[in-house]
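Chains as they are written, first to last, in numbering that gives the first Met the number 0: chain A, 0 to 288; chain B, 0 to 549.
These are computed hints drawn from the structure, not numbers from a lab. Remember, predicted model here, so these are calculated numbers, not experimental data. There is no bait here: all hints are sound.
Below 27 Å or equal to it, Euclidean Cα-Cα: the simulated DSSO-like pairs (lysine-lysine) are:
1) A:Lys212 to B:Lys522
2) A:Lys212 to B:Lys439
3) A:Lys168 to A:Lys200
4) A:Lys212 to B:Lys429
5) A:Lys219 to B:Lys429
6) B:Lys528 to A:Lys212
7) B:Lys439 to A:Lys219
8) A:Lys168 to B:Lys330
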Amino acid sequence: MLILFTDTDTDLTPKAAKEFGYHLISMPYSIDGKTTYPYEDFEEFDAHSFYDMLRNGVLPNTSAISSESYKKYFEPHFKNGDDILYVHFSAAMTATFEAMDKAVAELKQKYPERKFYSIDTKGITIGSLNIVEEIGDMYKSGKTVEEIMSWAKEEIDHFAVYFFADDLKFFKHSGRVSGLAGTMGTLLGIRPIICMNSEGKMVSVGKEKGRAKALTRLIKYVEELGSEIEKHRIIVAHTDAPELAGEAISMLKEKFGTDLRIELVDVNPTAGSHCGPSTVGISFHAIHR
Amino acid sequence: MNTRMMDGVLFANMIRGGAATLSANKQIVNDLNVFPIPDGDTGDNMSMTIDSGVAALHTNRNDSLAETASSAAKGMLLGARGNSGVILSRIFAGISRGLEGVDKADVTVIGKAFESGVNEAYSAVSTPVEGTILTVYKDAVNYAGSKISPESTLESYFDSFIKELKRSLERTPLLLDVLKKAGVVDSGGAGFIYIAEGMKMALNGKEFSALTSEQSSSRKIDLSAFDENSILEFGYCTEFLLRLQTSKTDVENFDTEAFKEYLNSVGDSVVCFKDGTIVKVHVHTKKPGDILNYCQQYGEFLTTKIENMTLQHNETHSQAHFEPQVKKPRKPYGIVSVASGKGIKDVFTSLGCDVVVDGGQCMNPSAEDLISAFRKVNAEKIFVYPNNSNIILTAQQAALLYKEAQIYIIPSKTIGEGYASISMLDTQGKTAEEVIEEQKEVISGVITGIVSRSVRDTRQCGIQIHKDEYIGFVGDDILNCSQDKNTALLTLAEKLDAVNYDIILVVCGEGVSVEESEEVYDKLTKANKRTEVIMIDGQQPVYDYILILE
Numbered sequence: 000m001l002i003l004f005t006d007t008d009t010d011l012t013p014k015a016a017k018e019f020g021y022h023l024i025s026m027p028y029s030i031d032g033k034t035t036y037p038y039e040d041f042e043e044f045d046a047h048s049f050y051d052m053l054r055n056g057v058l059p060n061t062s063a064i065s066s067e068s069y070k071k072y073f074e075p076h077f078k079n080g081d082d083i084l085y086v087h088f089s090a091a092m093t094a095t096f097e098a099m100d101k102a103v104a105e106l107k108q109k110y111p112e113r114k115f116y117s118i119d120t121k122g123i124t125i126g127s128l129n130i131v132e133e134i135g136d137m138y139k140s141g142k143t144v145e146e147i148m149s150w151a152k153e154e155i156d157h158f159a160v161y162f163f164a165d166d167l168k169f170f171k172h173s174g175r176v177s178g179l180a181g182t183m184g185t186l187l188g189i190r191p192i193i194c195m196n197s198e199g200k201m202v203s204v205g206k207e208k209g210r211a212k213a214l215t216r217l218i219k220y221v222e223e224l225g226s227e228i229e230k231h232r233i234i235v236a237h238t239d240a241p242e243l244a245g246e247a248i249s250m251l252k253e254k255f256g257t258d259l260r261i262e263l264v265d266v267n268p269t270a271g272s273h274c275g276p277s278t279v280g281i282s283f284h285a286i287h288r
Numbered sequence: 000m001n002t003r004m005m006d007g008v009l010f011a012n013m014i015r016g017g018a019a020t021l022s023a024n025k026q027i028v029n030d031l032n033v034f035p036i037p038d039g040d041t042g043d044n045m046s047m048t049i050d051s052g053v054a055a056l057h058t059n060r061n062d063s064l065a066e067t068a069s070s071a072a073k074g075m076l077l078g079a080r081g082n083s084g085v086i087l088s089r090i091f092a093g094i095s096r097g098l099e100g101v102d103k104a105d106v107t108v109i110g111k112a113f114e115s116g117v118n119e120a121y122s123a124v125s126t127p128v129e130g131t132i133l134t135v136y137k138d139a140v141n142y143a144g145s146k147i148s149p150e151s152t153l154e155s156y157f158d159s160f161i162k163e164l165k166r167s168l169e170r171t172p173l174l175l176d177v178l179k180k181a182g183v184v185d186s187g188g189a190g191f192i193y194i195a196e197g198m199k200m201a202l203n204g205k206e207f208s209a210l211t212s213e214q215s216s217s218r219k220i221d222l223s224a225f226d227e228n229s230i231l232e233f234g235y236c237t238e239f240l241l242r243l244q245t246s247k248t249d250v251e252n253f254d255t256e257a258f259k260e261y262l263n264s265v266g267d268s269v270v271c272f273k274d275g276t277i278v279k280v281h282v283h284t285k286k287p288g289d290i291l292n293y294c295q296q297y298g299e300f301l302t303t304k305i306e307n308m309t310l311q312h313n314e315t316h317s318q319a320h321f322e323p324q325v326k327k328p329r330k331p332y333g334i335v336s337v338a339s340g341k342g343i344k345d346v347f348t349s350l351g352c353d354v355v356v357d358g359g360q361c362m363n364p365s366a367e368d369l370i371s372a373f374r375k376v377n378a379e380k381i382f383v384y385p386n387n388s389n390i391i392l393t394a395q396q397a398a399l400l401y402k403e404a405q406i407y408i409i410p411s412k413t414i415g416e417g418y419a420s421i422s423m424l425d426t427q428g429k430t431a432e433e434v435i436e437e438q439k440e441v442i443s444g445v446i447t448g449i450v451s452r453s454v455r456d457t458r459q460c461g462i463q464i465h466k467d468e469y470i471g472f473v474g475d476d477i478l479n480c481s482q483d484k485n486t487a488l489l490t491l492a493e494k495l496d497a498v499n500y501d502i503i504l505v506v507c508g509e510g511v512s513v514e515e516s517e518e519v520y521d522k523l524t525k526a527n528k529r530t531e532v533i534m535i536d537g538q539q540p541v542y543d544y545i546l547i548l549e
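Isolated chain A (complex conformation):
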């Protein structure tokens, strides 16, 4: 049978993973040399205390996992005679998938009949989560891996995610956003608007002054780019900014009606280490990213 994998960078929690039938690969972050594997080293993610720690000056690092780790995740299933579909966060943002390729190549020698499929969501956090959940739906309803793969080929580019940065320090530290021009060195109320492009990279697409204007701009993207949003999930994520996220949800409801499928999630700590506290993002189905 087909075994579904995703990683914690896609914001899927163990509880949700269980519902969809996903296995979770834990993507680590480290603070002061101490590495933490989400949902392995803790059960529940305490977003408030984690992001508060970042507010108080902690600047975490993130790291790739080794090919040995991948083997440990995948091998038992190959051994069992199962195939694997790994729906992962953006390959353009990490070196971790080289380790994965190595692990898969080695395992293939050992288990030549087994199949390994992967889908690059070209996103991270909710940009990936929306796709992860749709694929979970398809998996649950019995779609074949071919059907899922061909759906993904068409649809990945139709899941847009827009968010704003509150403190550029984290983005600068991680070095994963392009286009954050020198004109933004100090934030001083400036909120760069960032999206995931179709290459799976974070790019800055502009800026707004103040959180209120930044939120309005996010909603504007949903309005301008959204396509069949009522047929898909709209996911709002935040890094310990529940009021703002709540405000975003009310704005969405006000604009697009109350029967939207809106999900509210905490950004996982590893991805959150790149964007820092007090940010809000929205993922939705779009004409294009």
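Assemble chain B onto chain A, guided by the hints.
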């Protein structure tokens, strides 16, 4: 005296006279400021502008009238500071244009040249405001011109000129409401009268020397321009004031002519005259020590200044020579802004400004300061943020004089407007014109309130203000006044409906303590729950707080 002809030497002395007289009275002009805080003072601005003209004269002492006028005008155009300084420089630029090719001029030619000054000055501003230096100068030129007759002398022309300057100045409050309300006359016009009076004194025979020029000493000198292998090519510019001593010489009957003869035998470019018991000397010589020793026979020195002219020459020469070597590829866009206060300058730098020219409320930069910033930026298009209403005209003048890049002036009148617009600047995929439109749009959405201490008692906008009280104002409107700066700020925030804005940015001046800024932060945050409150340690002078609402 009945002077019929003006030549370069006379005109140079007149400009020096104008500069000296204004300099001596600049505080009076400063005090005419409508606003009771010391920002961008007209007297200082005009004085420094005309001083730049005087400094430019220095090197051309035997020129024709046209050359003298042209040197003075060029110096003033570059040295222009503040709106009144720019207008002053344009008056002299117009006069210079009217004297083109003229070796010596009679009163008719001078009258015409002064008229040309009117046109040039009016063309400097997009919307000329009557009741300012523009009107005062124009009225006087028209009046003095109408009085020219075959019997007219330069003295009679200047008498009429000054008479009407004064009358027109008295009329300025009738033309300009802000003056009337503040109970003052126009400061630029008043400054110009001192210049005219100084010029008249020179015309009457008083010698003005540029000897004690302050501006040269403040200049930074690159000492490496004269090294251990350099050859002394030009000698030393030597200037001093010698107080004749009764113990050494017959002070009353001191023979200046014989003294000059000696100076000419050991140097050149000699200027020497006696004023009371003081002899002023300017001479270029390779052996200043010999001259000092000689002169000490007759008295003691009050001041001395000796400058190595070879070094100065090498310095300017090497700078010109040096530039092409550091030519890096030009950036498509560059940003120049004007600010004072270390904290604010850092903010602008971090927002992406290539050069932050020092200046603003206490000292307006000159056109030349801005031009050297343009040069440093090395970009094809440069956006300039003056951040002060009194610097916009200077920036326009600098843009006119600078040809190596396209200069676009974003008319930011306050630090708040500058911050708001630069922080939203986005040049990607846009033409400069589109960028400017966007920036103007941003500017229209920001309010800058200022808290500053009043330097005098005054009554304005219906508010009685005592010296040393803190006033809160926006543009020219004083909104409140308190004995305490924090109260002034908080009241100002309330009056400006800070609650309704997304962002409150408070830039603390150099006199604000940590406790004071914490109190401001706490109170503003409590009073404005939805609004983000951001505190910046601007360390700017004069303005205790700059309150930016967006």
